[in-house]
Amino acid sequence: MNKLLKVNLKLMLRRKDTMICVIMSAVLALLEVLIGKLNGSLDWFGMFEIPLIMMMFMSAVGGLFISRDYTQNTIRNKLTVGHKRSHIYLANQIAETLFFGVCLILFFAVSSAANLIVIGAKGAAASDVLKNMTVCFFAVVAVSALTTFLAMTVKSAAGGVLPIILMYPLLMFAAMSQEFGDSKWIQVMNDIIPLSQMTVLAVPDKCAAIHIVYSLILTVFFITAGVVNFRKADLK
Amino acid sequence: MDYVLRTNALTKQYKDFKALNGLTMNVPKGSIYGFVGRNGAGKTTLIRMVCGIQFPTDGSFELYGVKNSDPNISETRRRMGAVVETPSILPYLSARKNLEMQYDIMGMPDYKGIDELLELVGLKNTGNKRARDFSLGMRQRLGIAVALCGKPDFLVLDEPINGLDPQGIIEMRELIIKLNRENNITILISSHILDELAKVATHYGFINGGQIVREMSADELENECRKCVRVKVTDTAALARVLDGMGTDYRMIDKETADIFASPNITKLAFSLWEEKCEILSASEHDENLEGFFISLVGGGSNE
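Protein sequence lines, in the order shown, are assigned to chains P and X.
The opening residue of the first sequence carries number 1240 in this note's numbering; numbering runs sequentially from there.
The opening residue of the second sequence carries number 2 in this note's numbering; numbering runs sequentially from there.
The hints are simulated quantities; they were obtained by calculation from the structure and are not laboratory data.
Note that the Cβ used here is the ideal one computed from N, Cα and C, for glycine as well.
It cannot be assumed that every hint is accurate.
To be verified - Among the chain X residues that face chain P by a calculated CB cut under 8 Å, a handful are: (1) C52; (2) I54; (3) Y65; (4) V67; (5) S75; (6) R78; (7) V85; (8) Q103; (9) D105; (10) P110; (11) V147.
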């Protein structure tokens, strides 16, 4: 699996779209601080509004990265030389998670540095910010697992488009809670869905542990379902 | 005889369509095995199964004696390379970078041998040109080079000359023969261009409706396709006696037809048969090629 992971990472470094995504993460962090400063609304929790936007392009680029293995048929090169299907899936999953993780960590690093320079450590407890960052990180890992699952299941370029399309129904519950108030089941759905979790990070997260557990459960579910499905799948 | 690939009643069912229907075939070590069949006969399905891209619904196959159900089959597949339908290459990388990626996938310790491979397939001077800018023939050859990474001793080529120009076809033929003779690589090659296949294959498997209808060596095929005079007579026993007496090579087809190889003296033959009270009903020159043999084997109907 290490060999496959090495190849995936090498290809990610060669691809312009993945590298643009990484650079965009840093640019967005600076933009968020700049706009907040200009509006006079800059605080430490403003940064948590951006990862939701990042998810849009990261899922598309990450999904396309994996689906390219099918559109260019290079997945055959891995199977024909004897790589196990579970290893191929997991190598893709790890590469995807690293891509999402690196983008997010870079965003947080740049954003934190800019916030420190502009507003200093005032206005937020470090523990609250770190807690939100952790929730956000695990939510992003869960989205990366969903993206990998979709790309490895649809086995075509649609693997890059589907995650973006899915964003809207997944955000539906966050919108519904704004519209219909805090109904119990809407609250539960918002706790489970990683993207909905991100929408409540503009303030310190009171249910951080629950959100992290839900994200971990979703991650394990999508990886397990993806591996089981891929092991039995007929490819072209 | 040693076999690289043996299949046993291999079956692949897609919902209401059987792509392979109990296919049994044997690919001898060191051979160039021509896999001949119409569109939809099951050639690519079989190749995909051997490569691990699809799974059989019934039956089994052995690769170098390792069964497909054996966990070691993945390890055994390291001894093979394949180009299935279209070449599996990264279009945004050069030929060299494509091979480097495949070396990485295989976990090779270094990139030694890449220059040799590029030279073998005639892509040594392509420099930094990206694969997406290659001609179809160049992409096919790069696909073969990728399949040859790790020095496999079994190469599977699915329609390798599809869409190539005459020069490309000649180059591909020379490459296949070179790989087989100089590198001792067993090659399974499926192709629709039968005349071209006839120039390289040492063994044949004819597939129709998901089953092998005939397996034979090139020598056996040549024997069956030899130029001959096909005669229809009233008494084949008399014909056999006369031909034996003349020392002529022949083959009985049915109760009243025989193929006489070489050119017999027709007057002498007719006179000898007349003495045996045997009439010649018809005589015609018969010359079958691989295409004709294939059609006679599977019928000339539509492949829809």
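Consistency of the hints with the structure:
no.	hint	result
1	C52	5 Å, holds
2	I54	5 Å, holds
3	Y65	12 Å, violated
4	V67	11 Å, violated
5	S75	4 Å, holds
6	R78	4 Å, holds
7	V85	6 Å, holds
8	Q103	6 Å, holds
9	D105	5 Å, holds
10	P110	11 Å, violated
11	V147	6 Å, holds
Going through the hint list in order, the structure does not satisfy hints 3, 4, 10.
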